[in-house]
Amino acid sequence: MEQEFALEAEDLHLGYNDRIVLHDLNFSVKKGEIFGILGNSGCGKSTLLKHLIGIFPPLKGKISLLGEMLDLSDKSAYNRLMTRIGVTYQGGALFGSMTVAENVALPLELHTDKSPDEIAKIVSEKLALVDLADFGNFMPGELSGGMRKRAGLARAIALDPQLLFFDEPSAGLDPLAAAALDSLILSMRRQLGVTVVIVTHELDSIYAITDRVIIIDKAEKTIVAEGDPRKLRCESENLFVRNFLNRNGMKRSVEHYG
Amino acid sequence: MDEILPSSNWIGRIKKTAASATAPVIFIGAVAVALPQIIKKRTLRLKDLVYYLDLCGTKSLGVVLLISALMGMVLAIQGALQLKKVGTDIFIVDLVGFAVLKEFGPLMVAIIATGRAGSAFAAEIGTMKVNEEIFALKTLGISPESFLVVPKLISMLIAMPLLTVFADAAGILGGAAVGITYMDIPPGAYMERTFDVLDEMTFVLGVLKSSVFSILITLAGCYCGFKAAGDAQGVGRGATQAVVVSIFLVIVADAILTLLYSFAGY
Ligand SMILES: Nc1ncnc2c1ncn2[C@@H]1O[C@H](COP(=O)(O)OP(=O)(O)OP(=O)(O)O)[C@@H](O)[C@H]1O
Ligand SMILES: [Mg+2]
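Residue numbers (my numbering), protein chains in the order written: chain A, 1 to 258; chain B, 1001 to 1266.
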């Protein structure tokens, strides 16, 4: 466990069947880092995320997670690796036939030898962490979109993963809930030392929590900038990057003059 | 750069075609691997098992009894019309008994199971795909095959043979009702002949047929769910396809088994 990187992507080419979505991606995420994946809508952020977590195989290139090469042909090794990794989805992806508490308990039941009492205790801890303590017995269909996302997060952290992936966690949350989520991510890093890879559009979030980001340009189909967003914002030579990171400022000026 | 796309050259295209042709085989392999694993690791959730046993078993019992009894009656009436010509009414017992045990019991159960369970399996898994629940399972380190298919398979393997026993009884009683009322065969004589001519092996082989059907219906339903396109229409098409594929497979398997049984003298 000496390696420095939680995630390494080398020479990745990604796409679906007859179309390349992203090409020549090289980047790595250090342990304990909060790493942002940014880019305009439809540029392939979710696509990148789905390949990083092994849902789709890359057309070309290598991915390693927590020091292990991602090998989709060895299913039991993949399943073991994924117990150390948490993923939250844009829509929560809760299992509709189980209550919220059962959703959170599932990975604990399947991957640990803990007793039902211990599991129940962990479940209520995790639900309290995402502010859903009173909703354990609700079905996912009875929750709002934002609540579903938070329940998905509780499930993703049930096994105390070392690496967490988020796809637009704050989309659809009110500003206060989004800020609470940001501080939850920061405190998880502080307390558990997790590494976080996050796809987001929220500039506030980006500046509040990410250490480093990559920015993908849809036109180029690849990474056009990498680094500290606060620096890139003013120092990048790429106009797209500067515009992207100053979007809020632009919007405000449009309102002002428009 | 385009040369890395699987569809860009003929080798890639052949690979793709081969991959789609072998997909069902790989799926069945994954389920076969998952079956012993899930039992060993005790990951089978009792709750799932109870739910599917209820769906495939208890909830289907009424309609299975009804259509099997009706089928027994129809068989008896059709048989009676022919047997009356030669004046050998009592053979109606043999005709109904063998036809129900060998064919109609297992088939009636298969039809109901396809409509009720097979299509439900496809719709359930297809919907889970739309909601990214299948992805979520994978990234929780849970194999979708073992978690979603195995409980259904076990429930169907229990429920369908049991239902077939009920269907057999209902079919024979339906036939008897016609034989006794319409053909004036004394009830005692009808039942006596039933137990005389029908042997255990015929009954067991029929029930065995329905176990084979249960595997086919479950695998076809789940496979169509996993293959369904990730939208609402895709789920609908997946469910319909599950029914068509299941019925096709059941009839083909029935033909093969009937042939095999006939070599063994049954
Ligand atoms: N399952 C799929 N099959 C084929 N093409 C897909 C699939 N999913 C996404 N795409 C295509 O890949 C491209 C990138 O989509 P993706 O969802 O990764 O964008 P995104 O950056 O996450 O956008 P957004 O910010 O709007 O969520 C799009 O052009 C889309 O059409
Ligand atoms: Mg997306």
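Among these hints, one or two may not hold up.
[Claimed, not checked] Straight line, CA to CA, 20 Å or less: simulated SDA-like cross-link-like pairs of lysine to any residue: (1) A:Lys50 <-> B:Phe1135; (2) A:Lys30 <-> A:Ala120; (3) A:Lys50 <-> B:Val1033; (4) A:Lys60 <-> B:Asn1009; (5) B:Lys1016 <-> A:Arg19; (6) A:Lys60 <-> B:Val1033; (7) A:Lys75 <-> B:Phe1027; (8) B:Lys1015 <-> A:Lys30; (9) A:Lys50 <-> A:Asn26; (10) A:Lys75 <-> B:Ala1023; (11) A:Lys60 <-> B:Trp1010; (12) B:Lys1016 <-> A:Ala120; (13) B:Lys1047 <-> A:Thr222; (14) A:Lys75 <-> B:Leu1005; (15) A:Lys60 <-> B:Phe1027; (16) B:Lys1015 <-> A:Gln162.
These are calculated hints, taken from the structure and not from any lab test.
Could you check the structure against the hints above and give me the numbers of any it violates, in ascending order?
Going through the list in order, the structure violates hints 2, 3, 6, 8, 12, 13, 14, 15, 16 and respects the others.
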